[in-house]
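Participant: Use these hints to put chain B onto chain A, whose structure you have.
Respectively, the protein sequence lines represent chains A and B.
First residue of the first sequence: 1, per my numbering; consecutive thereafter.
First residue of the second sequence: 116, per my numbering; consecutive thereafter.
Calculated directly from the structure, the hints in this document are not laboratory data.
Everything numeric in this text was worked out from a predicted model, so none of it was measured.
In silico SDA-like links for lysine to any residue, alpha-carbon gap of 20 Å or less:
#1 B:K157 / A:E3
#2 B:K193 / B:S124
#3 B:K193 / B:Y165
#4 B:K172 / A:T93
#5 B:K198 / B:D177
#6 A:K42 / B:M204
#7 A:K2 / B:Q156
#8 B:K198 / B:I153
#9 A:K42 / B:T120
#10 A:K56 / B:R213
#11 A:K2 / B:F176
#12 A:K42 / B:I141
#13 A:K67 / A:D55
#14 B:K157 / A:S40
#15 A:K42 / B:V139
#16 B:K157 / A:Y39
#17 A:K2 / B:S170
#18 A:K42 / A:S84
#19 B:K198 / B:Q132
#20 B:K157 / A:E45
#21 B:K157 / A:L11
#22 A:K56 / B:L214
#23 A:K42 / B:Y216
#24 B:K172 / A:S30
#25 A:K2 / A:R28
#26 B:K157 / B:R222
#27 B:K157 / A:Q38
#28 B:K198 / B:I175
#29 A:K42 / B:T224
#30 B:K157 / A:T86
#31 A:K67 / A:G54
#32 B:K198 / B:Q156
#33 B:K172 / A:E3
Just so you have them, the derived chain A footprint on chain B, three or more residues with Cβ under 8 Å:
#34 154-163
#35 216-224
So the derived list for chain B, only partly shown, Cβ under 8 Å to chain A, looks like this:
#36 Y148
#37 E171
#38 F206
Even for Gly, the Cβ is constructed at its ideal location relative to N, Cα and C.
Spelled out from the first residue to the last, the chains are:
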Amino acid sequence: QKEVEQNSGPLSVPEGAIASLNCTYSDRGSQSFFWYRQYSGKSPELIMFIYSNGDKEDGRFTAQLNKASQYVSLLIRDSQPSDSATYLCAVLTNAGGTSYGKLTFGQGTILTVHP
Amino acid sequence: EPEVTQTPSHQVTQMGQEVILRCVPISNHLYFYWYRQILGQKVEFLVSFYNNEISEKSEIFDDQFSVERPDGSNFTLKIRSTKLEDSAMYFCASSDNRLEYFGPGTRLTVT
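Isolated chain A, as found in the complex (with noise of 0.2 Å):
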């Protein structure tokens, strides 16, 4: 069974402030990871994905890789209370030989970013 853990939270920062979201998998042959936040009562919406060790930054976002540690991570810089949200961890598992496959989600972490 193929899993993918998260804190759940809930994790409060002020605003202006980094928040740090961390995410393990278990699974070794993972080549894909992604960063969705979901507001309540709404869908997934990707933020971020990553594909190789090391950091990769976008706007405000940056996504973390370390396979060896099988560890996933998302800092966000100068938070927002818009940033008030769950974010779900998902790794893709690929359909036999295939560049696709199927996402599998960690449980997800509930920040708050407070005024």
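Facilitator: Relative to chain A, chain B alone:
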């Protein structure tokens, strides 16, 4: 910006009834998925569909479930005889072989 659309947004049905949830994937995408999320729980994979056939399905996707792409734009999920435990948000997603984009979801309530 292209997006995945789903109808209806909310479906209420009685136990034992059939429901069909509809999705219009992003037009140039070839890979389609259904996921579900029971209230307070993880998003769970149900089924993937490519080249007019199921490419993978989960243990949840039993004989009560079926998918179809009846024309060039729609992608449907049918639940033949709904159970109380089928109550959940059902999300359709489509992919360009790299990134999966989710529709807004259909909230299914089985009474």
